[in-house]
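Residue numbers (our numbering), protein chains in the order written: chain X, 406 to 1403; chain F, 24 to 298.
Don't read these hints as lab results, they were simulated from the structure.
There's no promise every hint is true.
Unchecked claim - Partial pick of chain F residues on the chain X-facing surface, computed with a CB cut under 7 Å:
(1) Ser53
(2) Asp86
(3) Asp149
(4) Pro192
C-beta: ideal position from N, C-alpha, C; glycine also.
Spelled out, the chains give:
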Amino acid sequence: MPVRLEITLRPDLFDPEGATICRKASDYFGIKLTSVRTINILTIDANLSSDQLEAIQRHIFTNPVTQISSYAPLEIDFDWILWVGYRPGVRDNPGSTAVEAIEDLLGLRFKPGEAVYTSKRYCIKGEGLKLQDVERVARELLANDIIQEWRVYSREDWDPEEGIGIIIPRVYLDHQPTVSVIPIESDDSLMRISNERNLALNPSDVPVIRNYFLREDVIAARRIVGLKEPTDIELEYISQARSDHCNHNTFKGKFYYRDLTTGQFEEVDNLFASCIEAPTLAIKEKKDWVVSVLWDNAGVGRFDDHHHFVITGETHNSPSNMEAYGGAITGIVGVYRDPLGTGKGAKLIAGTYGYCVAPRDYAGDLKPRLHPRRLLDGIIEGVRDGGNKSGIPTPFGLVFFHEKYLGKCLVFVTAVGLMPAKVQDKPAHEKTTSPGDLIVMCGGRVGKDGIHGVTAASETYSAHTPAGHVQIGDPYTQKKMHDFLLEARDEGLIAFITDNGGGGLSSSVGESARYSGGCEVELEKVPLKYEGLDPWEIWVSESQERMTVAVKPEHIDRFLELSRRHAVESTVIGRYTDSGKLHITYKGKTCAYVDIDFLTSDFPQWRFDAEWRPPASRGLFEPVIHEGKEYNRLLLDLLARPNICSREWIVRQYDHEVQGTSIIKPLIGKERDINSDAIVIRPVLESEKGLALAQALLPTYSQIDAYHMAACTIDEAVRRVIAVGADPEHIGGVDNFCWPTIQYHPKDNPDGRFKAAQLVRANWALRDMCLRYEIPLLSGKDSMYVDGHLEGKYGETHKVSALETLQFTAVGVVSDIAKCITMDAKLPGDLVYVLGITRDELGGSEYYEHFGYIGLNVPQVFPGPFWKLYLALNRAIKDGIVASAHGVYRGGLGVHLALVAMGGGLGMNIDLAQIPREDIERNDTILFSETPGRFIVTIDPRDKDAFETILRGIPHACVGSTIEDERLLVRGLQGNIIISSSVRELKAAWKQTFGELV
Amino acid sequence: MNEVQVLVLTGFGLNCDRETAYSFRLAGASASSVHINSLIFGEVSLDKFHILAFDGGFSWGDDHGAGVIHAVRFKYRLGKELRRFIGEGKLIIGICNGFQVLVNMGLLPGFDGDYETRLVALTSNDCGNFRDDWVWLRTNEKSPCVFTQGLDFIELPIRHGEGKFYSDPVTIKRLFDQEQVVLQYSMPDGRLAGGVFPFNPNGSFQDIAGICDPTGRIFGLMPHPEAYNHWTNHPDWTRKKEEVKRRGKAINLDVTPGIRIFQNGVEYIRKRFVS
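Input sequences plus hints: build the corresponding full structure.
Written as structure tokens, this is what we have:
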């Protein structure tokens, strides 16, 4: 009989979770709650005796020092009770660990169908609290109806004997698994079925697919295995592999680019090949540290003679937009499987995040699914739990606020790994499958998760339909698998490994079988979360925390033994062959039989019209502003802006020191609260080498020209790692594009051609910058369709397209970590230098945005001179004569001089007249222009000559000095002091915006 | 074998095993990472080790209370071996999640040789969130704790969501009376934090960050000494390096206070068990 155990903190103990709810209810909705007490509920659906129940209550689920518990409802005072629990099929991580603990303590195994479900009951008190207030807290703070159910009880409703009752969100599918055959009489009929079944086949692919299945040799071969027309599983397989997500059809498409002002026309064939692959291969020729790029789940670069680093970046936008916590945790845990599935497997050593969301205090008329504030909270927490519980440091991240992300938020996640150069004397970055190798699926089980992603969201719920389209990542299961697989790798048991992400087994087995030249899969062997899945669902399910591994038959016993030790489920589901066929059976019957090279055959290339109009011809112009006098107040206001100010509250929730590798931390300086330019870790504890990493995104520049957006973004990321001491010759990049839909449609996407031109231009910038800076693109991903349709005030809907966004990651090796430097001014009396020329480039700047302008003069990169400067600075850093170095980024010199002073807890005396500049005679332009390629450097006065010798021929100037008096003093061009602000005051402004958040 | 042998646990979501083993090696010991199941399955015996490290991480995802399931499993599967280990006068250190495990097993506070009863707890931080920061710690020189001998005032990182030390007033008084309180959160100038956030990062009663058993051989602490294994782990190292350079001196490359904690344990064993 199922029972329900309620557990809560002893009444005299402070309830931090309850207190947080009170605070948020008040901050977000102005609803005053006097107290919230949290009760954790375990609903145990298993046959246990009363002695057994008592034992688990006492030994596992109740802390005698802090908690009380009861199998009857706990009596806690309330005005309202709110219960929140998961819907059927949603991953319940604590529920699973509860089963593990109970099984372990009692020495028994749960039977199929038995389970533990967790939920929460909140006892809420508040004067005059109304039903709609509690419902609002439920709906907008504590529960997301996609994955959770909630109930509200008033005092009258509540039955103290019955409590919430026994709620069992068990998945029960009354369904006999079947394989369907899809008729292919005509292109139209196939397309119709594709639409009905959400196959999402591209209309231009349909004839190619039909022709294949109508080929005589194909028909003959299929007849032997008992197949005629294509099965659902075969079409699902083709559809998955041909999706833009898996195949990058947009980046591999053909663009007809036309400059409408000059009439210039260019046919751009395959952005991936021309702007990513070609430059990277050219650079790889020159740089022998580039080990493995462009084919595997992540890129590989040499760290030292015995180790390689591995890196990749992903986005998880749509799921996070639906269920922020679940989407984000699934994103970060998911990207961690990429390095783990690179070569023969890499250990994870760092993760980073980038969030683009609408303003936290958005109060406009549009109604996004989740308010930006709640969305951001959920994303932050998802990445927190995903990273921290994986034991992987999360030392770097970006947050960018802009209303254009109201339609869809962006969640970037990046993963860095480390592998030995060799495993059992063979290169660790190489892998292959061979005929006879066993196909092993490791990790989690398969359910209806992630099948057909977002389309499922519109289906109606019944009480026992799994809410599978939004997942909740399970870092605990994955951490166990990670440890297991690395041990198996070191014993030489892994021939090939890849992760199960988008497309599930369909992708992982389908792609890995291309190496051996075929495979046979017995789908009924795949372990399921619950019965009733159709074979095609098993094949394409995106259930998380799974890897596909090729294991030689002679290694399988040892592999499975290690798997048992690590409490990881591993199952042989088939074998690789050289038959040339993807051959799937279900209970002995063939349900798919497709040529393995069919997917590499000639599918039509996607085509896009791209029309460019230069910014001036689009009506952009420089605003007419005459300088004001109150620079003090202006600087303070800029420092407080959400895209400039401190976000310490996020950084501190993320463990950035686990693994004991933290060298340059995300927050540094005298009071350890200013953002560092980049982070540095020491991934090999026995070594004095380091890995520097930084990211950048500057999407507001896309409003003027995405070419310069991309160029500046790449420059910033590279400049950041240079600033801490990374070796300029040993820097790699990762590009992550997030773009709104670029396919023109007269009604639905009238500016599609322009967005397509922006994409082409951004790729050109990527190509140009990588070639000039010699940055190989170790990895990268694109995420298209970042648009949303939001309801407005009158029930109408509006399409909101995200800004064209590129996140660029720079990763560089540091040969000696003891030479690393930080951005904070170190000692009074040091000389302050500005390196690089400041130009009149306020277009898209924070300064213009503060006044509501975009402007025209977008910042531009001059790669040649910039690179010379970076080499010189690196020389000076290596010579040990740089006390601090800091790039000038968003907000310009004004903001970044202030940050250097704040970091050091020192004042500064600065003379704007000394700043190297081109055609600028205005204080505001000098202070807030966002020209790239610049640094602020402080040095010991005794090192002046040595420093200037190194910088000979490079634009630089000593612009002042640091001073004991903790004031930032800036003398304007007219010779008078225009800024005189204490460092305390600057810091208070910079911290106030999000200062209340923890 | 005349080396000090350290067993560092791994598996089930623990995640500080590598740096903890590395730190013990720096301290002069031989350290092995051993999966919890290897002990339970009998593939590895606890008997051949001198120091047992319950390292940090999220054992069993920290669901149902940090360290709770780990403690139950260890207590019921390996209780006998553990009691023998303690009885032989060997050392146990529990760091962060490991500290949570020690208090949930009842190894701490271990009053009157009772290594079963749970008397103290590490519960959710008052700030309501996980927190990563460096803290200042005052050590108790009168404490019998083997690991902190010779240390007075140190800095270490904390990284936890459930580190608030809690117990009843009688137990807390007894911990102080018996000098079992080993580490307390402090201000940068050495005064006790007095519960003030973020110096006391979690709301711990009496600023307690670490305690030992009455013998001083079992030690649990929330901060992470193994994450201060290199002088460049310290948040101020670039500042200190520059200051030292200006005085024309070289940076002190002695082992860090973090490693000193492990050295104390290794030295203790070397004197008594190995020679």
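A quick look at each hint next to the structure:
Checking Ser53 (chain F) against chain X by beta carbon gives a least distance of about 15 Å; that is not within 7 Å, so the hint is violated. Restraint check, Asp86 (chain F) versus chain X: the minimum CB separation of about 4 Å is within 7 Å; hint holds. Hint status for Asp149 (chain F) relative to chain X: holds, with the closest Cβ pair at about 6 Å, below 7 Å. Interface hint at Pro192 (chain F): violated, since its Cβ lies 12 Å from the closest Cβ of chain X, which is beyond the 7 Å cut-off.
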